[in-house]
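Protein chains: 2
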Amino acid sequence: MEQIAIVGLGLIGGSLGLDLVRQGHSVVGIARRAETAEAALAMGAVTKAGTDLALVAGADVVFICTPIDVTVATAEAIAPYLSEGAVVTDVASVKGEIVPAIAALWPNFVGGHPMAGKAEAGLAVAVAGLFQGRPYVLTPTDTTKPEALERVRAIAASLGANLCQCHPDQHDRAVAWISHLPVMVSSSLILACQGEVDPAIRELAQTLASSGFQDTSRVGGGVPELGTLMARHNRAALLDALTQYQQQLEQLKALIATEDWDALRETLTQAKTARPSYLPAASTQR
Amino acid sequence: MEQIAIVGLGLIGGSLGLDLVRQGHSVVGIARRAETAEAALAMGAVTKAGTDLALVAGADVVFICTPIDVTVATAEAIAPYLSEGAVVTDVASVKGEIVPAIAALWPNFVGGHPMAGKAEAGLAVAVAGLFQGRPYVLTPTDTTKPEALERVRAIAASLGANLCQCHPDQHDRAVAWISHLPVMVSSSLILACQGEVDPAIRELAQTLASSGFQDTSRVGGGVPELGTLMARHNRAALLDALTQYQQQLEQLKALIATEDWDALRETLTQAKTARPSYLPAASTQR
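Just so you know, the sequences run in chain order L and Y. FYI, in our numbering the residues of the first sequence are 1 to 286. FYI, in our numbering the residues of the second sequence are 1 to 286.
Worth double-checking, as some hints may not be accurate.
Just so you know, same-sequence chains aren't split out, so a pair can sit in one copy or run between any two.
Calculated cross-link-like contacts (lysine to aspartate or glutamate; reagent style DMTMM-like; alpha-carbon spacing at most 20 Å) [stated by the list, open to error]:
#1 272 with 120
#2 118 with 198
#3 118 with 76
#4 48 with 250
#5 118 with 35
#6 48 with 60
#7 272 with 225
#8 48 with 120
#9 253 with 225
#10 145 with 60
#11 145 with 225
#12 48 with 38
#13 272 with 203
#14 272 with 150
#15 272 with 250
#16 272 with 84
#17 145 with 169
#18 118 with 38
#19 253 with 142
#20 48 with 2
#21 145 with 266
By construction, these hints were calculated from the structure, which means they are not laboratory data. Quick caveat, the model's predicted, so the values are computed rather than measured.
All chains should be modelled from the sequences, with the hints used to inform the complete structure.
Rendered as structure tokens:
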């Protein structure tokens, strides 16, 4: 059993704590607000809690689970308190900026991204088993220490997550496609519909919208702060994905404008054929 | 009890028949292929079946449930066999072209669009209760006879559908937003990801894609023939919706390009706030 510290007790930090406490680890949780620390203790997400960053002292492994805009600053703030040899990891959904910045502060660092989320954020929605069967990406670089990597791998594996390993920049380009681009595509769909100038048509559209619209608009109606942070910290890859998406949409629109129905059918067939490769192998296709 | 004819025994025609037969109506089904007619009879979707359009003779109400590209031609083909006073309705997902064309052939016509679908098409996936709680749009015009409208309304209501009434052109503009535009937005997302030139990134994206991507891409991976027919028969409204969508996406991209994070957060908040108006009032938000 290890001494683990979790800095930031939201959905991810809290859910991680619930699993690790159940495994018998000693888990100290550090939150910005005392009420959050108390709530985490009350729900069994930590075995000890407080608001003082010095509580990381003595931890073998430290998970930084803050919002991504303060991940690096948090690493900097806890560095003076870390035990020699402590392994630090994070859970930020963007890695390209964060990994080299923290590695420079604390060489025993391993970037991580457990890909589990919910429509809502915060400790109140934390649950045990959140990471079960979900991807957990680790992003070692040339300078990452193998023992540190192995330490984080073992914990991630104990959560039942599907481990995956790649370079931070590869991670960011991949998540731009399948996580950040969909948010922008989906929110623009909602906003475009809202732009309908005839109120009778807009009201009719709202009445007639069914599961297809609801699914396509779901991630676009997610937490605005998360979407903004994703864009901010993965700006280059997201802009590139958006540009390629715009070109693809323009091509498809041109087929409709020129009434090239055979080519449109062929294009939609390509989309249908490609989609299953983005679904978990075991899942029933929806 | 009425004498009802259903021309076209796919998902919609078959499901309609299952409900109407259970209600005790006499339902004659007409399919292009004899095997389909026999299958419909065997599963209880019709009380009589065949391939001869002359079977519509004697029906009080005729539902044309063919693919939309042959709806008008089917109306033309059955017209010589219709009893005087027979009410004809259709289920095509696009109304602007079809309603005036059929009304010119048979004045006792009422355009309809039951908004129920499935990922797959065909009689094999027909089920009883498909229309329960789903929108059923009727599109009368100035020349629609009130008795004919009332006749179709009563049957649609008996299916448990939520009746809704509007002009054919209003219908087409509304479904362009919430049904046809999402297909193009969603298929373009899949195709843009497929356009990633680095195979390692593409494979990683496929591995990491989770429920967010799956939901956003679902309608884009639907039946290509349906997407093509929608675009073909609702071209003007869809092109208009696509253009407005492109403008919206470009605005959002500009906020990212110029790093205007406050405005991006505000824009995503607008999307989140607007989305519930497109969800059924009774549904739990997903």
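Here's how the hints hold up against the structure:
| no. | hint | in the structure |
| --- | --- | --- |
| 1 | 272 with 120 | between (30 Å within a copy, 12 Å between copies) |
| 2 | 118 with 198 | neither (34 Å within a copy, 30 Å between copies) |
| 3 | 118 with 76 | neither (28 Å within a copy, 52 Å between copies) |
| 4 | 48 with 250 | neither (55 Å within a copy, 48 Å between copies) |
| 5 | 118 with 35 | neither (22 Å within a copy, 47 Å between copies) |
| 6 | 48 with 60 | within (15 Å within a copy, 76 Å between copies) |
| 7 | 272 with 225 | between (32 Å within a copy, 11 Å between copies) |
| 8 | 48 with 120 | neither (25 Å within a copy, 53 Å between copies) |
| 9 | 253 with 225 | between (32 Å within a copy, 16 Å between copies) |
| 10 | 145 with 60 | within (15 Å within a copy, 80 Å between copies) |
| 11 | 145 with 225 | neither (33 Å within a copy, 53 Å between copies) |
| 12 | 48 with 38 | within (9 Å within a copy, 70 Å between copies) |
| 13 | 272 with 203 | between (31 Å within a copy, 17 Å between copies) |
| 14 | 272 with 150 | neither (39 Å within a copy, 40 Å between copies) |
| 15 | 272 with 250 | within (19 Å within a copy, 26 Å between copies) |
| 16 | 272 with 84 | neither (52 Å within a copy, 45 Å between copies) |
| 17 | 145 with 169 | within (19 Å within a copy, 65 Å between copies) |
| 18 | 118 with 38 | neither (23 Å within a copy, 48 Å between copies) |
| 19 | 253 with 142 | neither (44 Å within a copy, 34 Å between copies) |
| 20 | 48 with 2 | within (14 Å within a copy, 73 Å between copies) |
| 21 | 145 with 266 | neither (49 Å within a copy, 41 Å between copies) |
In this structure, the hints that do not hold are numbers 2, 3, 4, 5, 8, 11, 14, 16, 18, 19 and 21, in rising order.
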